[in-house]
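Once you've looked at the hints, go ahead and assemble the two chains, each given alone in its own frame, into the complex.
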Amino acid sequence: MKTLRALLRDGRFSLGSVVLLLLVALAVLSFFSPYDPTEWRVVPRDLPPSRQYLLGTNSLGQDVFWLLTFAVRNSIFLAFLASTISRVIALAVGLVSGYSGGIVDRVLMLVNDGFIVVPLLLILVLLAMLVRERLNLPAMALLFGVMGWAFDARFIRSQILSLREREFTYTAILSGTPSLRLIVNEYLLFVVPLTMATLIGNMIWVTGMEVTLAYLGLTDVTIPTLGTMLHFALNYQAVLLGLWWWIFAPIGAAVALFVALYLLSMSISEYLDPRARIQRVGAR
Amino acid sequence: MRFVKRYLIPRLIQYVLVTFFGITLVFFLPRLMPVGPVEKAVASIQARGAYTDPKAAEETVRVLREMYGLDRGLFFQYLSFWRRLFTGDFGPSLVSFPTPVIQLIGASLPWTFGLLFTTTVLVFVIGNFTGALAGYFRQNRALKILDAAAMVLAPMPYYIVAQLLIILFAYLIPVFPVGGGYTIGASVSLSLAFIADVLKHAFLPALSLVLLGVATTHQIMRLIVQGVNEEDYVRYARIAAVRERTIFGKYVMRNAMLPQITRLALSFSGLFGGALVTEVVFAYPGVGLLAYRAILASDYNLIMGITTLSTVALTTSTLLMDLLNPLFDPRIRLI
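Those protein sequence lines, which keep their order, are chains A and B. Quick note: the first sequence uses our numbering, first residue 1, plus one each step. Quick note: the second sequence uses our numbering, first residue 1001, plus one each step.
Please keep in mind that the hints were generated in silico from the structure rather than gathered at the bench. Just so you know, not all the hints are guaranteed correct.
[Said to hold, decoys possible] Below, in silico cross-link-like pairs of lysine to any residue (SDA-like), each with a Cα-Cα straight-line distance of 20 Å or less:
1) B:K1005 <-> A:R106
2) B:K1144 <-> A:R12
3) B:K1144 <-> A:L15
4) B:K1200 <-> B:L1168
Pulled out of the complex, with its shape left as it was, chain B reads as follows (with noise of 0.2 Å):
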C-alpha cells in the first residue's frame, strides 16, 4: 500500500499533468505565431480551389472555420480541441480529403511502430552490451577501436547517416532498395516472400536508426560502467577473488543497466524524431513519411493530429518505463 501512495500514485498524476500540459503547448504554440494555422489552411485551400474540386475546396472551408470555432474565443476553441482529441476527432485530411485525419494515421502507425520497436530493442541490447565491455575492459584493442566509431557517430543527424546509407548500399553497392515500404504492385499479404520483400525494405532505414542508437547508447553505458566500477562493492568482490566474468555479469552490467532502463523512455522519444527524418529519406510508408506529405501539402489537421497523438504516445512510455521500473530495482519496491 505504501508503495501504491508514494510510488505510483504521483506518478500517476505527473503522467496526467504533464501530458496536459505538453498538448496546452502543442494547442497554443501554433497560436502565438503571425499567421494563424487555420487561416493559413484556408488560403492555401483557396489557392487551390483554382484546380481542385471548388465545392470539396468550399466544404473544408467551411468545415475548418466551424470546426475551429474562429468567430468564437481563444478558449472556445481550446475546449473543442480537447472535446476532439477524446473522441479521437481530428476532422478530415485536406490532401486526401474526405477521409478522416485518424484513419490515415492509423493506416501507417504499424509501419512505424514495426521500425521502432525493433530498432529500440536492438539498440538497447546491442549498445548496452558494447558499451558495458568497452567500460569495464578499457583496455583493450578493439573496444577502443569501437570507443572511436561512436564518438564520431553520436552527434551525427539522422539524415547524414541515412543518406550515406543510400548512396553506399543502394547507389554504389545496389544490394538494398533505395526506399518505400515494399516492392511496388508487390499484392500484400502474408506471405513468406511479401514478408522478405518488407524486411529488405525496412532493413538500411532500421540500420541507420540502429547505429545512431548504438553509437549513443554506447558511450553512456561505457561512463556508467566506469562509474560503478570505482564502487567499494565492486574493489570488495575483486579483492575477494570473486571471478570477474561474476563481477561483470552479476554486479556491474545489473546495476549500471537501471539508469539505461530509465533512458530507455527518452531514446524511444530520440529515436521517434530520427524515425521522422529517416522514413523520409527512404520513401517508407510510416507516420514520419504522413507527417511530411502533410507539412508539404500545409495539411494542418493532419500535422496537429500527428503532434497531439505523439506526444501522448511519448508520455505514456515514460509512464510505462516508470511502472516497470519497480520490477528490476528493488529499492524503489522497497519505499
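Chain A on its own, in the form it takes in the complex (with noise of 0.2 Å):
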C-alpha cells in the first residue's frame, strides 16, 4: 500500500495507470459487443462516427469501435501472456546463470548473447511465415515469449551476481542454507519487483512486433488485435479514400497503449533502482 502511495505521487505513473485502466474497461466492454468481431457486413459500410456507430464503420462492414474492444483485449492479452513466458525463462536463466557462475554461467551466456544478435525481427518473420495458419494467440504468445527473454535474463544475471556478494548471502551459507532454498526464499524476493518492471517493457515490445508482424500480413488476421485492424485498414485503402477513423482507431488506442506502459515502467524501474531505468531504455 505504501509503495502504491509512493508511486502514484510520480505524475507519470498515475497517468499511465489512468491511461491503462481506460484501456482495460475498453476491453472488458467487449464482453457486451452486440457484434461478432469475425463477421463481416453486420452494418452500413463506410459511416463516418455518429452517434450509432461511436467509431464509425469500416469497408467491411464492421462497427469500428466495438471492434476496436475485442483488438485491445486480445493484444493486452497476447502482450501479458508473452511476457509472462519469456519472464519465467529470463527468472531460470538469470538466477541460475548469476547463482552458479563458472562454466554453466559462460554457456547460458553464449546462448543468451547469440539471442540478443541474431535478427529478432527477421527470425519472427522467417517463423511466423512457417505456420503463418495456425498462429493463434496462445502460440504467438508462446514465440514472442521463447524469442525476448534474452536482455532482460542478463539484468536480473546482473542483480544477482551484486546480491552474491552482500552480507546476508555469505552468513546463509556459512549457517548451511540449501542454495535452492537460498535462492527460492532470499534471491526471488528481491528480483521480482524487478522482473515485474521487465514485464511491462517486455509488453511494449510483444505489443510493437505483434502490430509489425500483422502489418506485415503474417499473423492469422481473422484474429482482431490492432495489429490485424490496422492491417486491414492499410490493405483498404483506407487512407486514400478518406477513412480516417478506420486508420486512426487502431494506431490511436496502440500509441495510448505504448506510452501508458512506458510511463509506467520507467516509473517502476526508477522507483526501483535508478540505474535500472537506463538498462530499460536501452533494452529497445
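This is how it looks when you write it as C-alpha cells:
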C-alpha cells in the first residue's frame, strides 16, 4: 500500500495507470459487444463516426468501436501472456547463471548473447511465415515468449551477481542453507519487483512485434488485434479513401497503450533502482 | 602485449562463439516448427507450378531437395549449411528464379547501408548532444519540452511514425514522394540531378528513423549525464570555479559518451530492425524491402540468406565497436 502511494506521487505513474485502466475498461466492454468481431457486413459500410456508430464503420461492414474493444483485449492478453512466458525463462536463466557462475554461467550467457545478436524481427518473420495458418494467440505468445527473454535474463543475472556479494548471502551459506532454498527464499524476493518492471517493458516489445507482424500480413488476420485492424485498414486503402476513423482507431489505441506502459515501466523501475532505468531504455 | 592478451583475444573468441551460436540458432529455430521450411517452399512452388514454367518449378524443387539434403540427416544439413555460408552461396532465389540470392542482396545492400549509416551518425550526434544538454541544464524550459517529446516518441513502433510522416508530408502536404528509391524511369547515373532525386526519396525514411533514434538516445544520454553530474570530480570542478562550459564539454560530456559508444553497435541493430519496417512502408529498395518481398513469396532461400548475413553484420559491428573502444577509453588500454 505504501509502495503504491509512493508510486502514485509520480505523475507519470498515475497518468500511465489511468490510461491503462481506460484501455482495460475498453477491453472489458468487448464482452458486451452486440456484434461478432469475425463477421463481416453486419452494419452499413464506410459510415463516419455518429451517435449510433461511435467510431464509424469500416469497408468490411464492421463497427469500428466494438471491433476496437476486441482488438485491445486480444492485444493486451497476448502481450501479458507472452511477457509472462519470457519472464519465467529470463528468471530461470538469470538466477541459475548468476548464482552458479563458472562454466554454467558462460554457456548460458553464450546462448543468451546468441539470442541478442540474431535479428529477432527477421527470425520472428521467418518463423511466423512457416506457421502463419496456425498462429493463434497462445501460439503467438509462445513464439514471442521464447524469443524475447535474453536482454532481461542478463539484467537479472547482474542483479544476482551483486546480491551474491552481500553479507546475508555469506551468513546464509555459513549457516548451511541449501542453495536452492537460498535462491528461492532470498534472491527471488529481491528480483521479483525488478522482473515486474521488465514485464511491462517486454509487453511494449511484444505489442510492437505483433503489430509489425500483422502489418506485414504474417499473423492470423481473422483474430482482431491492434495489428490486424491496422493491417485491414491499410490493405483497404483507408487513407486514400479518407476513412480516417478506421485507421486512427487502432493507431490511437496502440499509441495510448505504448505510452501508458512506457510511463509505468519508467516510473516503476526508477522507483526500484534509478540505474535500472538506463538499462530499461537501452533494451529496446 | 598484455592488452592483446587480456582484451583483444577474449573479444575475438567471444565474437567467433557468439556468431557461431547465432547462426546455429538461425539454422535450428525454423526446424523446430511443425512445418519444415523446405517442405513449405516445395509445396508453394508445386502450387505455383500451375501458372509458372513447370520446368523451372521442377528444377527448383530438385535443387532445393538436393541442396538441403532433405533425405539425409539433420547433422548433414547443418554441415552443408555452414559450407554454403562460407562460399556465400545461399542458392537461387525462388521469386526471381535463377538469380542467386547473394546477387539480389548485393544489389540492395548499398541502399540500406547508405540509409543506416547516415541515420546512425545523425542519431548519435543529435541525440547525445540534446540529451547531454537536457541532463546538464535541467531547469531549461525548452529542453523540458524536448524531454516530453522524446518521452512520447521513444516507445512508438517505427511503422506508426513512418505512416504518420507519409500521411503528413506525402499526402496532405505533398512535398516528398510517397516511396521508392528514385523516380521511376530516371536513369541511374552519378549526375547531380540523380543524387538530388535519391536524397529527396531518402528524406522521409531517414527522418522516421532519426526521430525515433534521437528520442531514445536523448533519454539515455540525459540519464547518464545526470548520473555523471553527481560525481565527486564534477562537484570538485564546480567548487574550484572551473568554467561551466569547460565542465560540461571536457568532464561531463566526455565521460558520459563512453557507454554511448558501446551502445552504438546495439543501436545499429535496433535501427536494422527499424529499417526493415521503414523500407517496407516507404518502398525503399533496400534489404528490408527485399526481405518483405521474400516473405510474401515464401522465398525461403532469400530470407535465410538475409537473416544469416544480418546476424554476421550485427556481431561484426559489435566487435568493431569493442575494438574501437580503447581509443576512447584510456582505462581499457591499461588493463
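The hints, checked one at a time:
For the hint pairing K1005 of chain B with R106 of chain A, the CA-to-CA distance comes to about 19 Å; that is within 20 Å, so the pair holds. Restraint check for K1144 of chain B and R12 of chain A: satisfied, since their Cα atoms lie roughly 15 Å apart, inside the 20 Å limit. Only pairs whose Cα atoms come within 20 Å are accepted, and K1144 of chain B paired with L15 of chain A is accepted, the gap being roughly 18 Å. Straight-line distance between C-alpha atoms of K1200 of chain B and L1168 of chain B comes to about 16 Å, which keeps the hinted pair within the 20 Å bound.
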